[in-house]
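Sequence lines, in order, name chains A and B. Its first residue numbered 382, the first sequence is counted upward by one per residue in the working numbering. Its first residue numbered 382, the second sequence is counted upward by one per residue in the working numbering.
Don't take each hint at face value.
With a straight-line Cα cutoff of 27 Å, these simulated DSSO-like cross-link-like pairs (lysine-lysine) come out [said to hold, decoys possible]:
#1 K527(B) <-> K725(B)
#2 K658(B) <-> K633(B)
#3 K790(A) <-> K593(B)
#4 K497(A) <-> K790(B)
#5 K497(B) <-> K790(A)
#6 K593(B) <-> K658(B)
#7 K725(A) <-> K725(B)
#8 K497(A) <-> K527(A)
Computed footprint of chain B on chain A, listed as stretches where at least three residues anywhere in the stretch have a Cβ under 8 Å from a Cβ of chain B [what the hints assert, rightly or not]:
#9 672–678
#10 718–729
#11 769–781
#12 786–798
Simulated from the structure, these hints should not be mistaken for lab results. Backbone N, C-alpha and C define an ideal beta-carbon position, used for all residues, glycine too.
There are 2 protein chains.
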Amino acid sequence: MNSMRGLCAIRGNLAFAPAPGALTTIADGYILTRDGIVEGVFNRLPPHCQAEVINYGDSIITPAFTDMHLHAPQFPMLGLGMDLQLLDWLNVYTFPMEARFGNLEYAKTVYRQLAKELIRRGTTRVCAFSSLHREATHVLMEQLEKAGVTGYVGKVNMDRNSSPELMETTEESLAETRRFIQECNVYPHLKPIITPRFTPSCTDTLLEGLGKLAEEFPEVPIQSHLSENPDEIAWVRDLHPDCQEYWQTYHKFGLWKRGTIMAHCVHSSPEERAAMKEHGIWAVHCPDSNTNVASGIAPLRRMLEEGLQVGLGSDIAGGAKLSMPDVATEAIRVSKLRWLLSGKEEAFLTVREAFYLITTAGQAYFGAKPGFGQGEPLHAVVFNDSRFAYNPAITLEERLERILYLGDKATISAVYSAGRLVEI
Amino acid sequence: MNSMRGLCAIRGNLAFAPAPGALTTIADGYILTRDGIVEGVFNRLPPHCQAEVINYGDSIITPAFTDMHLHAPQFPMLGLGMDLQLLDWLNVYTFPMEARFGNLEYAKTVYRQLAKELIRRGTTRVCAFSSLHREATHVLMEQLEKAGVTGYVGKVNMDRNSSPELMETTEESLAETRRFIQECNVYPHLKPIITPRFTPSCTDTLLEGLGKLAEEFPEVPIQSHLSENPDEIAWVRDLHPDCQEYWQTYHKFGLWKRGTIMAHCVHSSPEERAAMKEHGIWAVHCPDSNTNVASGIAPLRRMLEEGLQVGLGSDIAGGAKLSMPDVATEAIRVSKLRWLLSGKEEAFLTVREAFYLITTAGQAYFGAKPGFGQGEPLHAVVFNDSRFAYNPAITLEERLERILYLGDKATISAVYSAGRLVEI
Numbered sequence: 382m383n384s385m386r387g388l389c390a391i392r393g394n395l396a397f398a399p400a401p402g403a404l405t406t407i408a409d410g411y412i413l414t415r416d417g418i419v420e421g422v423f424n425r426l427p428p429h430c431q432a433e434v435i436n437y438g439d440s441i442i443t444p445a446f447t448d449m450h451l452h453a454p455q456f457p458m459l460g461l462g463m464d465l466q467l468l469d470w471l472n473v474y475t476f477p478m479e480a481r482f483g484n485l486e487y488a489k490t491v492y493r494q495l496a497k498e499l500i501r502r503g504t505t506r507v508c509a510f511s512s513l514h515r516e517a518t519h520v521l522m523e524q525l526e527k528a529g530v531t532g533y534v535g536k537v538n539m540d541r542n543s544s545p546e547l548m549e550t551t552e553e554s555l556a557e558t559r560r561f562i563q564e565c566n567v568y569p570h571l572k573p574i575i576t577p578r579f580t581p582s583c584t585d586t587l588l589e590g591l592g593k594l595a596e597e598f599p600e601v602p603i604q605s606h607l608s609e610n611p612d613e614i615a616w617v618r619d620l621h622p623d624c625q626e627y628w629q630t631y632h633k634f635g636l637w638k639r640g641t642i643m644a645h646c647v648h649s650s651p652e653e654r655a656a657m658k659e660h661g662i663w664a665v666h667c668p669d670s671n672t673n674v675a676s677g678i679a680p681l682r683r684m685l686e687e688g689l690q691v692g693l694g695s696d697i698a699g700g701a702k703l704s705m706p707d708v709a710t711e712a713i714r715v716s717k718l719r720w721l722l723s724g725k726e727e728a729f730l731t732v733r734e735a736f737y738l739i740t741t742a743g744q745a746y747f748g749a750k751p752g753f754g755q756g757e758p759l760h761a762v763v764f765n766d767s768r769f770a771y772n773p774a775i776t777l778e779e780r781l782e783r784i785l786y787l788g789d790k791a792t793i794s795a796v797y798s799a800g801r802l803v804e805i
Numbered sequence: 382m383n384s385m386r387g388l389c390a391i392r393g394n395l396a397f398a399p400a401p402g403a404l405t406t407i408a409d410g411y412i413l414t415r416d417g418i419v420e421g422v423f424n425r426l427p428p429h430c431q432a433e434v435i436n437y438g439d440s441i442i443t444p445a446f447t448d449m450h451l452h453a454p455q456f457p458m459l460g461l462g463m464d465l466q467l468l469d470w471l472n473v474y475t476f477p478m479e480a481r482f483g484n485l486e487y488a489k490t491v492y493r494q495l496a497k498e499l500i501r502r503g504t505t506r507v508c509a510f511s512s513l514h515r516e517a518t519h520v521l522m523e524q525l526e527k528a529g530v531t532g533y534v535g536k537v538n539m540d541r542n543s544s545p546e547l548m549e550t551t552e553e554s555l556a557e558t559r560r561f562i563q564e565c566n567v568y569p570h571l572k573p574i575i576t577p578r579f580t581p582s583c584t585d586t587l588l589e590g591l592g593k594l595a596e597e598f599p600e601v602p603i604q605s606h607l608s609e610n611p612d613e614i615a616w617v618r619d620l621h622p623d624c625q626e627y628w629q630t631y632h633k634f635g636l637w638k639r640g641t642i643m644a645h646c647v648h649s650s651p652e653e654r655a656a657m658k659e660h661g662i663w664a665v666h667c668p669d670s671n672t673n674v675a676s677g678i679a680p681l682r683r684m685l686e687e688g689l690q691v692g693l694g695s696d697i698a699g700g701a702k703l704s705m706p707d708v709a710t711e712a713i714r715v716s717k718l719r720w721l722l723s724g725k726e727e728a729f730l731t732v733r734e735a736f737y738l739i740t741t742a743g744q745a746y747f748g749a750k751p752g753f754g755q756g757e758p759l760h761a762v763v764f765n766d767s768r769f770a771y772n773p774a775i776t777l778e779e780r781l782e783r784i785l786y787l788g789d790k791a792t793i794s795a796v797y798s799a800g801r802l803v804e805i
């Protein structure tokens, strides 16, 4: 990891999304940084600029990607169990897999691979679920720090409806979470996040306790799942007959707060979406996962039009694609099918919008400005697309589209995370 | 290219699909070949066997893949123009791109890249559309031969409704096609196929002339497009008011014969599908393309249940994925959405079925037996999945599933085509 001391000018073809549907491209541009902090983006360097130039030639440089929902311990099952649906898939594959993370050597092997692979795919910010094991969660955070991945990591809570090998008591779950949060101050680039798996996995006492923790640690946000699958929604209704809607099961325990992240929202009602908007909840759209476990196609266009805060997530290993460009193009694919199914009412996602979602939208969750934000540590990916098929008449925007669609990790030649050049 | 003289035993973990939904796996098995022709598949070598053993260790060996529908000249636009729908996409991107293939140097550059990329992705059999240029079509065939790709290639016919730079007269189109067919006897592994682009691109006189050519050269099959998009179907109805259905526009000119290939069939009526079955027509399902240009989801399950002959196609560059494992998993993805939309009536495609479609089903079009057929030249792909995430408790079938889903070309370590080890 290279810490970029002094004044550096990173040169290449810049592309970033200042707003949804907008794209700025700067051919042969420069990102000027001082000690890894962006000073500005330029067509040409200011006169007498003494910066060391790092020249990426004809490569394309974009902001690095944000993955707003992934299950780190499911990395070894990427692309497995795809003939099963959500609840079967959890019981047959997921829970036995997560149970293995009681073994810290196993955790280290898997998490080292995952952290490297995230960086190789250009993902520098994550909101990750770990397993319920506090110690293995620290192993995950150590490996992410080492590789250069930043963001939020949560020790998962579940005290019911799991398998015998993957269960904790309510007391353990709360005590371990408190201890986990208190231990996290050792990580320069990672923070804890409160992570009830989903309502069916948590007793009321646990949810209530987590709500109190969220009150005690107001800087710690919350992440969970919401309205992914009709069977799950029916189950939640059975478990909480006092709640009309799924979201209220989080709300009544103080877990529905500004900055809370809810993955999926495939079958959220208009009222549930209104409650998300009202309370400043983030929705994470995970198109590949929603298709693979046959949950459906989330109403992304409606969410965007209603003004919800939305990011994209790989949701490995329901999702089989760790690469955010792949997730972005899957979001476009399913949006086209939804467009057809809605009688062409709900416009499909454009390439520009999808790019916005995995860059500017995702980084906004971390308080970062659009594109390469001035005064902020650099997060960037350098793409060398010279090995793609010969096509001389192609614009920068088309090259970006092709990079997103063909998205081979071999195309990524350098990654910057939090103002450092990280090893790929 | 290594021609595999004498007796060779290729050793590794074998996986092939003997029938739809069936999978045979042989751990540490052998494919015995003599001069590149398969003698048999074995758990262990016959006693006193003098074969030279080519040991792929713990790798997985499957039959090589068949791509039953691709547009070779669209390779440079892979992953481009994805915000457009079929007819706009044709006019803005496709026709200008195909027009460039009047330039044989350009053709050679592009087709050399395409042919290598097909092999690197494990595709050894294709049914390909070229452009309308006879000479560039020969350039394509030369490059495919050189790289080791086998199959059918067609010079495209279109004498109306194209752009000015991509048009031929009816007479030219017929004369060039006849000449093309006659010139194709120089290729050991490639054969010509009659290729009217689709009904709207061809006058009645042209279709009639092509029907006569098909009669004159009965060994030359036919490929075209069918019922991809509702606008296209309405257009065909306007052009042929005497035809109730799209398929009849091919049938009335003698282009609807046993072995004819029809790509898409997304919106084919039950009657059209019955006509396909009755006449021995092959349907090619191109899921990624159908999603990208927003055509819809083809009723694959119905086709299979009705007993149609079905293969899969990348349909580059409507499809953005050249890799047949990627196409197979996209077929699974869209089938899951169709399953949901059909009220769970039309069962989704399983991983085994998808694998069958890109191997055994596709090779059947070429008269090859299932799996590694005895007495036939070897077509095989060797996958080294050792760089995938650490997961010690995984079966051969699960490893195959993961290979299909994660499908990175770096995983392919060797490819055999038509009894030769080809360079990747």
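Results of checking the hints against the structure:
1. K527(B) <-> K725(B): Distance of about 47 Å is beyond 27 Å: violated.
2. K658(B) <-> K633(B): 17 Å, holds
3. K790(A) <-> K593(B): Measuring from Cα to Cα gives roughly 49 Å; hence the hint is violated.
4. K497(A) <-> K790(B): 19 Å, holds
5. K497(B) <-> K790(A): Holds, because 19 Å separates the two Cα atoms, which is no more than 27 Å.
6. K593(B) <-> K658(B): 23 Å, holds
7. K725(A) <-> K725(B): 23 Å, holds
8. K497(A) <-> K527(A): The given pair, whose Cα atoms are some 9 Å apart, holds under the 27 Å limit.
9. 672–678: It holds: at least three residues are needed, and the segment 672–678 of chain A offers 5 whose Cβ sits within less than 8 Å of chain B.
10. 718–729: holds (count 5)
11. 769–781: holds (count 6)
12. 786–798: Since three or more residues must qualify, the claim that chain B covers the segment 786–798 of chain A holds, with 5 doing so at under 8 Å.
The structure fails hints 1 and 3 (numbered hints given earlier, in ascending order).
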